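On the provided structure of chain E, position chains B and D as indicated by the hints.
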Amino acid sequence: MSVFKKIVLAEDNSALSMLLKFKLEKEKYELFIAEDGKSAIELIEIHQPDIILTDIMMPYVSGLELTSYVRNTLDKKTPILVFSAAGQEKIVLQAFDLGANDFMCKPISVNELLIRIRRLLA
Amino acid sequence: MARFQDLLENYEQYPVLIQVIWVFVVVLFFSILLGILLLKGVRVNLRQKEKFIYSYQKKVETCLIEYVYYEHERNTNDVFEKSFPREIIRGLSSRLKRKIILATMMKLKAEVSGEMTLPIHALFLKTRLFDFAKEKLDSDKWHIVALGIKSLSMFKVNSVSNVVMKHVNHERVEVRREAQLYFVNLFEFEGLDFLTKINAPLSEWDQIQLLAILNKFEDQKITGVGVWLSATNTSVILFALKLCRMYNLFEFKEAILALLIHDDKEVKIEAIKLLSYFQVPEAKERLKEEYHKLNLEERIIFFKMLEKSPVKEDLPFVLKYIQDLNFQINVSALKVLKILDVEKFKNLKKATLDQKSQEIIDFVAYK
Amino acid sequence: MDSSPLDISIYVFHFLFIVYTVLVILSYIILAAISAKESIEYVKKNSFVNYSEILNSDVAPSVSIIAPAYNESLNIVENVRSLLSCHYVNYDVIIVNDGSTDDSLEKLIDAYSLVKVRYLFDQPIKTKELREGVYKSTNPAFDKLIVVDKENGGKADALNLGLNVSDSKYVACIDVDCLLLEDAIQKMIKPFLEATEKKVIASGGVIRIANACIIKDGKLLEVNFPKKLLERAQVLEYLRSFLLGRMAWSRLNGLLIISGAFGMFDKKVMIEVGGYDTTTVGEDMEIVVRMRKYMKDTNTQYKVAYIPDPLCWTEAPDSYKILTSQRNRWTRGTIETLKMHRDIGLNPKYKSLGMLSYPYWYVFERMAPLIEIVGIVYLVFLILTERIRWEFAIAIFLAAYLFTVLYSLVAMFYEEFTFRQYKKKGTGIKLVVTAILEPLIFHPFILYAALRGNFDFYFNKKKKWGKMTRKGLSKMSINELKQK
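Residue numbers (my numbering), protein chains in the order written: chain E, 1 to 122; chain B, 1 to 367; chain D, 1 to 484.
So here's chain E without its partners, still in its complex pose (with noise of 0.2 Å):
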């Protein structure tokens, strides 16, 4: 069993998820990376993650299609943080309403990422 939390990073820009998973990983997480939904979804059920970092607008399933899918489909409980450009009322009132934990806008502060999963996994 490991010790080191897991998470699944749902991201299709490869240098935030190059950076992030430098990072992460510093800070002793577990990351496994996705660059669309759906491989995300695959992340997800074999790996079990402590905790969903996802983009909202991505290829193939959407973030909050991802969401939709983690609560109602799997049925979990893993906290969901979601990030999408500039803060939209609307999709953040929509992925909260399909179950997510926290939304963050990009550009994204790292440390205030960081301290955000800290406080989901807490």
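Rather than coming from a laboratory, the hints here were simulated on the basis of the structure.
Careful: at least some of the hints might be erroneous.
Estimated spans, in silico, between C-beta atoms of each pair [said to hold, decoys possible]:
hint	chain 1	residue 1	chain 2	residue 2	range
1	E	Lys28	B	Pro201	53 to 59 Å
2	B	Lys350	D	Val59	42 to 48 Å
3	D	Tyr320	B	Met246	56 to 62 Å
4	D	Val59	B	Asn162	27 to 33 Å
5	D	Phe13	B	Gln13	20 to 26 Å
6	D	Leu229	B	Asp140	44 to 50 Å
Below are the DMTMM-like pairs computed for lysine to aspartate or glutamate, each with C-alpha atoms no more than 20 Å apart in a straight line [to be verified]:
hint	chain 1	residue 1	chain 2	residue 2
7	D	Lys216	E	Asp50
8	D	Lys116	B	Asp362
9	E	Lys21	B	Glu73
10	E	Lys28	E	Asp50
No experiment lies behind these values; they were computed from the predicted model shown.
By construction, the Cβ of each residue, glycine as well, lies at the ideal position given by its N, Cα and C atoms.
Leaving out everything else, chains B and D in the frame of chain E:
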């Protein structure tokens, strides 16, 4: 050989027209051969270029991220020059590599905020990237100028603001756009000062872009809206109205009411919509009086206004329109009636015979 | 010289023929030149456009994607999924089930958790009635989807119902089996939003051929060049038509046609002109002409825009039978539209629309197959009466043939410098071979179909939309993946 000479002799006897056509045929034939060779060359070349770009991009990305990450971790005095990644510095001498490096830097910068951006900024400002960007501003070619402004805007370079201001009225819309975004990126709401200087209209696209960027800023102190609401450039007025809506600038109520009699149709409509959103009673009264002068679109918006905050005094007015020919006005009027006088509304249901009206009434009743 | 009437008429005939040929060649060259300028400018303009702000804006206008569907049960769920994953905020997807006799509706209800809802909408355009009604999803992730089930009335009628139902400012009318890329809406809406003096009433897209491409779950994974000559020739044809033809016409603001498979329109103007015409088979061309006319008649400055990016991928006919049926329909559509709006032709009131676009379309598109067959018949006549002058005949034939091949080559070049969709090794040669074979093998079928179209238009009133059997966009993917 003899046959060929025969053909040539024959050829010389043909009428001019046919000779010309044959020349054309030969030209075409060789052009095709040449074309095929060129095409092959172009394809091979582009394929190689793409491969190179892909691999170099990956390299730069890794390089950049490592640099940003490690600098962010251990650097306390914000002096980054010593640790600039060598690979990237070497790449700056090639135009293509520069393009890729800049694009990667911008890609990362768009996603991350806060302290992590400091090393990226330093990498831009303290290298030739900065010089090249400044040079672009003086180019003859519009897209080069626009690219230059764009990168300077992303890295928030203040020193070139005078030069960029000159481009705010550039003949190409793409350059104007980049200049406007530059000012807003750097000076936030104060950057909107250019609104008083522009001659060309501000398209919807431009307005949306500006609003999206403004939305990101913390400090939302807006000045100048009063001036913009009475600008001669109607697109500036429309933009100011959008700002009022977004930031709830209720204090400009009077100026907006004044716009109800503006010449431009779009300005009038947006003013009505905004007054409706702010629920300004004077607007309602004025529009009621002027109703006969309003065009169809304005009337529909006006009824939406009534739907929002109907008061008893509206009832006699509304009753005139519950069977209006226009669908939307009809529905709006019925909705208002239902809110103000449920009894009368219910009686209406029983009285009406026309199927279409029945459908509408049923629907409004149900909602 | 002995100048019998026959000789004179032959002489005149030759002369007209030469003039026609020279005009065709000149016009192609001019269009190619204009296209080049426009394409270069377009690529420059878009090299640094930022679409992300538009994506996330509350203020960006609403768009409805309207997709009529008839017996599309095989792929409808997948197609709808691809429509729902567009990167735009303020849009909805209206699927109009045009009286399908299969289980399209049931499949949709199942896949998207749909329930029937009460939905009131105005009917400014008269259409066939609703059948099962209006459906929406109970799952918030699919709240952009509206499915409307109606009595069968044809594609135009279904689109009109979509127009009635839609609440948006702009509508994108598409064929439901078209694969739409995620950034399609942002790209198509740009011209509407960028307009300042001239109102943009419509924006046309480019159709790319999806045959042999790998598509999985409604997403384009890989672009491949098809194997059959028939399909390859169509790829080449579309490249010529979209990159060289329409690009130029859009710069001249003379674009008469917006592909029915994908186009975006100003809904208000569309409704004002009365929506699509249900009596014609060329409803996509006809409505654009009517909208243009309307704007001219109301003295409003306007523009029809064109986005050359490959945003829409569709399956092209893969058998000669279906191909000829399709081209037959296109021919009849062109004839009908030109006939219906012949008051524009050479009418100075309509400026470039009447003096340039209409005559061009009439002579070089509508009359072309007829002129060609007359030429061929004449050639046969000359051979049979032994009046043939081979040096002349061969010269003309070679000139026309080689010019076509060269033109295709030019189109390939344009493709390389703009969107480069066919990157794989060896495709270049395949394209060249296709260009060489196409005028000899493919073109005769097109000519035949066009002649049949003319014949059917004048003498056969029973024909309407042919049936194109849907093999499904995924057929390639399953087989290919098995082989890998």
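> Hints broken by the structure, by number, lowest first?
Replying inline: Per hint list: single violation, 7.
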